[in-house]
Amino acid sequence: MIRFRLKELIVEKEFREQRKITLLEIAEKTGVNRSSLSKMQNPANRHSTTTQAIDSLCRYFRCQVGDLMVYIDDDQIELFNERDDE
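Following the UniProt record's numbering, the numbering of the sequence shown begins with 1 at its first residue and continues without gaps.
Hints are not guaranteed to be accurate.
Unchecked claim - Computed list of lysine-lysine pairs in BS3-like fashion (alpha-carbon distance at most 27 Å, straight line): (1) K20 x K39; (2) K7 x K20; (3) K7 x K29; (4) K13 x K29; (5) K29 x K39; (6) K39 x K7; (7) K13 x K39.
By construction, these hints were calculated from the structure, which means they are not laboratory data. Owing to the predicted nature of the structure, the values given are computational and were not obtained by experimental measurement.
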């Protein structure tokens, strides 16, 4: 599963710039739809996007693709979910 690290990047940017950053602002500056950004923030959603959106987000956050999203093996997800059930 691909997991977007959008929340983490927003927190880091807010800290660096000492201000609140909204999804609306990110949408306006990147051209990525606000509802798409919202879906990316929720790890439960398996959201697909375009390379253009990924490029725009990397440019906005000044990061590499690997900073924006990570691959998590399905086995790791199952182990995590099993721990939550205990």
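Hint by hint, here is what the structure shows:
1. Straight-line distance between C-alpha atoms of K20 and K39 comes to about 20 Å, which keeps the hinted pair within the 27 Å bound.
2. A distance of roughly 12 Å separates the Cα atoms of K7 and K20; the hinted pair therefore holds under the 27 Å criterion.
3. Only pairs whose Cα atoms come within 27 Å are accepted, and K7 paired with K29 is accepted, the gap being roughly 17 Å.
4. Taken as a hint, the K13 and K29 pair is honoured in the structure, with Cα atoms around 14 Å apart against an allowance of 27 Å.
5. Proximity of K29 to K39 is assessed by CA-CA distance (about 18 Å); at most 27 Å being required, the pair is judged to hold.
6. As the CA atoms of K39 and K7 are separated by approximately 11 Å, the hinted pair is consistent with the 27 Å bound.
7. Our distance criterion of 27 Å between C-alpha atoms is met by K13 and K39, whose separation comes to about 19 Å.
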